[in-house]
Every structure is written in structure tokens, then in C-alpha cells.
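Novice: Taken in order, these protein sequences are the chains called D and E. Quick note on our numbering: the first sequence kicks off at 1 and runs consecutively. Quick note on our numbering: the second sequence kicks off at 1 and runs consecutively.
Hints in this document: simulated from the structure, not taken from any laboratory. Wrong hints could be hidden among the right ones.
Said to hold, decoys possible - Looking from chain E toward chain D, a few residues come up when the C-beta cut is under 10 Å (computed):
#, residue
1, Ser-47
2, Asp-48
3, Met-50
4, Asp-52
5, Val-53
6, Thr-55
7, Thr-65
8, Asn-69
9, Ser-79
10, Asp-80
11, Glu-95
12, Glu-102
As the list claims (entries may be wrong) - Cross-link-like lysine to any residue pairs, in silico, SDA-like; alpha carbons within 20 Å at most:
#, chain 1, residue 1, chain 2, residue 2
13, D, Lys-33, E, His-60
14, D, Lys-43, E, Asp-58
15, E, Lys-57, D, Arg-147
16, D, Lys-43, D, Lys-149
17, D, Lys-30, E, Glu-102
18, D, Lys-33, E, Asn-103
19, D, Lys-119, E, Phe-130
20, E, Lys-116, E, Gly-66
Glycine residues also receive a C-beta, built at the ideal position from the N, C-alpha and C atoms.
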Amino acid sequence: MAEVERILLEYNIEGGNFTRAGYASSQIKKVLKQMQVDLGVIKRTVVASYEAEVNVVAHAYSGTMYVAIDPEAVCIELVDEGPGIPDIEQAMQEGFSTASVSVREMGFGAGMGLPNIKKNTDHLEIDSQVEKGTRVAMTIFLDPARRNKEQQQ
Amino acid sequence: MDAARLPGPKAIKTGVMQIKEIAGILDARVLCGEDKMDYAVDAAFASDLMSDVLTLKDDHVLLITGLANTQTIRTAEMSDIHCVVFARNKKVSEEMLELARENDMIVLECRYSVFKTCGLLFTAGLSPVF
Numbered sequence: 001m002a003e004v005e006r007i008l009l010e011y012n013i014e015g016g017n018f019t020r021a022g023y024a025s026s027q028i029k030k031v032l033k034q035m036q037v038d039l040g041v042i043k044r045t046v047v048a049s050y051e052a053e054v055n056v057v058a059h060a061y062s063g064t065m066y067v068a069i070d071p072e073a074v075c076i077e078l079v080d081e082g083p084g085i086p087d088i089e090q091a092m093q094e095g096f097s098t099a100s101v102s103v104r105e106m107g108f109g110a111g112m113g114l115p116n117i118k119k120n121t122d123h124l125e126i127d128s129q130v131e132k133g134t135r136v137a138m139t140i141f142l143d144p145a146r147r148n149k150e151q152q153q
Numbered sequence: 001m002d003a004a005r006l007p008g009p010k011a012i013k014t015g016v017m018q019i020k021e022i023a024g025i026l027d028a029r030v031l032c033g034e035d036k037m038d039y040a041v042d043a044a045f046a047s048d049l050m051s052d053v054l055t056l057k058d059d060h061v062l063l064i065t066g067l068a069n070t071q072t073i074r075t076a077e078m079s080d081i082h083c084v085v086f087a088r089n090k091k092v093s094e095e096m097l098e099l100a101r102e103n104d105m106i107v108l109e110c111r112y113s114v115f116k117t118c119g120l121l122f123t124a125g126l127s128p129v130f
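Please construct the entire structure, taking both the sequences and the accompanying hints into account.
Specialist: Rendered as C-alpha cells:
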């Protein structure tokens with residue numbers, strides 16, 4: 001992997017605008033590829049960021065994605081203004097979804113987004129306030145061996 | 001249909017398949033990626049639910065879908081899927097094609113149902129993801 005200093009990226013995400021959904025994750029993928037990060041790590045990172053990005057588009061009014069990439073890890077934080085999640089534990093269950101019909105018509109809203117984010121990341125934090133918004137923060141180690149090592153512990 | 005005429009397990013070959021063979025079997029229109037017809041996929045997955053596609057761990061997967069919108073292409077991009085077949089005569093928009101070209105993807109349009117598309121490719125030897 002190419003040596004990098006800290007890279008900071010920031011993207012606005014518009015609630016309800018599915019034509020732009022995925023743009024931020026696509027940019028992250030380009031940067032990680034340029035850095036010659038392990039392909040498996042890139043895939044896990046962008047699948048998790050895309051799921052989170054789609055969640056903001058599907059559920060919130062607006063949001064911002066903050067990305068920090070250093071030689072150790074990529075940290076992605078999504079902060080949105082929206083209805084919030086009343087019960088995070090319930091939202092983490094596979095199959096639970098409050099998505100609208102229009103979101104389901106786009107191929108999402110099956111209640112798999114948050115569990116899939118958890119599966120693909122090394123650390124995940126979700127905080128939410130009803131009728132205010134949600135913060136999702138995830139970390140993915142750039143060294144794939146580190147993930148395997150920490151999973152074994 | 002006479003059950004005896006169904007291909008038994010021994011008659012079904014499994015393995016990789018090149019896009020040019022897939023396009024031929026499906027009588028599909030190649031909308032972009034004409035220069036990548038020698039690219040081979042290891043297996044295929046059919047879904048209209050992009051959330052399911054995003055759970056795939058495998059590489060070199062062919063996606064067969066009837067869901068034609070930009071998020072199908074975005075999902076393929078994030079999942080490292082380089083070839084998408086749009087079945088049941090779904091039309092691919094110029095916006096989708098532009099995104100697919102940006103990501104060096106191969107996009108095929110075919111008039112068969114998803115069931116027939118899968119059946120033809122499976123019988124011809126293309127493996128399922130699981």
C-alpha cells in the first residue's frame with residue numbers, strides 16, 4: 001500500500017435524492033484505489049459507506065459524510081438531520097425496516113443496511129435522537145491482517 | 001415437461017463463463033463494455049433487491065436483475081461487480097450507461113425473464129454464487 005498522510009474528505013448528502021446516492025462512496029473508492037489499499041478492504045469500506053449513505057438518502061432530510069483516511073484506518077462519520085432511530089437495537093435486527101415504498105422500489109429497505117454495515121466494519125457506533133437526527137461512525141483498518149487478528153481475540 | 005428430459009446433475013457443467021458466451025446464450029444486446037467480451041465471471045447472482053447484492057463477498061460475479069435504475073449500477077460498483085444483465089426487457093437509461101462506462105462495466109440487456117435468463121446460464125454451466 002502507498003504511504004499516505006491524513007486525508008480528509010467531506011460530502012453533503014441530500015435526503016430523498018436517489019440520483020446522487022452513492023456519489024460520496026464512489027469518491028472514497030477512487031481515493032482508496034489510488035492509495036493501493038487492499039481490494040477486500042476497499043470493498044468492505046465502500047459497501048458500508050454506501051449502505052450508510054443510502055440510509056441518509058432514504059430516511060433523513062439532509063446529512064454530511066466526514067471521511068478521514070490515515071495509514072492505519074479509514075474513519076467515516078455520517079451525521080444527519082432527520083427523524084432519528086427510536087430503538088437502535090431493533091434497527092440492528094436483520095429484516096427490520098421503516099423504509100417507504102419508494103425506497104423499496106429502488107432495491108433497498110429490506111432491513112439489512114445496518115447489520116451489513118456492522119459486518120463490514122471493524123468498529124461501529126450509532127447515536128440517535130428522535131426527531132433530531134442520527135450519527136453513524138465506522139472504522140475500517142487498512143491492514144486486512146489486523147481485522148483477522150482482532151476477530152480471533 | 002417430461003421430467004426425464006430435465007438435465008441431471010451430471011449433465012450440468014459448472015464453472016466460469018466469458019461475457020461473449022453469456023451474451024450469445026441470452027441473445028443479449030451489449031450496451032457498453034464491447035471491448036471486454038473476453039472478461040470471465042466465476043458465478044452469477046440474480047436479485048432485484050440491492051441490499052442482498054451488497055452482502056455478497058465473492059468477486060467476478062455476474063449480476064442478473066430486472067431493477068433498472070442508477071442504484072443498480074452504483075450497487076454493482078460498490079460490490080466490484082463488473083457485468084450486469086438487465087433481464088425481462090428492462091431498458092437501461094443513458095444516465096445508467098454513463099455511470100457504467102465511468103466504472104468500466106459491461107452492461108447487457110436481454111428480453112428473457114429473470115427465471116429464463118438464470119435457467120439458460122445455469123444449464124450452460126455457469127455456477128451460482130451459493
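Novice: All hints are to be evaluated individually against the structure, with a verdict given for each.
Specialist: So, going through the hints one by one against the coordinates:
1. Using the Cβ-Cβ criterion of 10 Å, the hint placing Ser-47/E at the interface with chain D is satisfied: the shortest such distance is roughly 8 Å.
2. Interface hint status for Asp-48/E: upheld, as the beta-carbon distance to the closest one in chain D is roughly 6 Å, under 10 Å.
3. Interface restraint check: Met-50/E against chain D, minimum CB-CB distance 3 Å, threshold 10 Å, status holds.
4. At about 7 Å, the closest approach between the beta carbon of Asp-52/E and any beta carbon in chain D falls short of 10 Å, and the interface hint on this residue holds.
5. The criterion of a C-beta within 10 Å of any C-beta in chain D is met by Val-53/E, whose closest approach is roughly 8 Å, and the hint holds.
6. Annotation: interface hint on Thr-55/E holds; nearest CB of chain D at approximately 6 Å, less than 10 Å.
7. Against a cut-off of 10 Å between C-beta atoms, the interface hint on Thr-65/E holds, since the closest Cβ of chain D lies about 8 Å away.
8. At its closest, the beta carbon of Asn-69/E sits 6 Å from a beta carbon of chain D; the interface hint therefore holds under the 10 Å criterion.
9. Given hint, Ser-79/E at the interface with chain D, holds; its Cβ is 7 Å from that chain's nearest Cβ, closer than 10 Å.
10. Residue-level restraint check for Asp-80/E holds (minimum Cβ-Cβ distance to chain D is 6 Å; threshold 10 Å).
11. For Glu-95/E, the shortest C-beta to C-beta distance to chain D is roughly 7 Å, which falls under 10 Å, so the interface hint holds.
12. Below 10 Å, beta-carbon pairs count as interface contacts, and Glu-102/E has one with chain D at about 9 Å; its hint therefore holds.
13. In summary, the hint linking Lys-33/D to His-60/E is supported, as the alpha carbons are separated by about 18 Å, within the 20 Å threshold.
14. Of the pairs offered as hints, the one joining Lys-43/D and Asp-58/E holds, with about 10 Å between alpha carbons and a cut-off of 20 Å not exceeded.
15. This hinted pair checks out: Lys-57/E and Arg-147/D have alpha carbons roughly 16 Å apart, not beyond 20 Å.
16. Of the supplied pair hints, the one linking Lys-43/D and Lys-149/D holds, its CA atoms being roughly 19 Å apart against a limit of 20 Å.
17. This hinted pair checks out: Lys-30/D and Glu-102/E have alpha carbons roughly 11 Å apart, not beyond 20 Å.
18. For the given pair, Lys-33/D sits about 13 Å from Asn-103/E by alpha-carbon distance, which is consistent with the 20 Å threshold.
19. Straight-line distance between C-alpha atoms of Lys-119/D and Phe-130/E comes to about 19 Å, which keeps the hinted pair within the 20 Å bound.
20. With a CA separation close to 12 Å, the supplied pair Lys-116/E and Gly-66/E stays within the 20 Å bound.
This entry satisfies every hint, going by the numbered hints stated previously.
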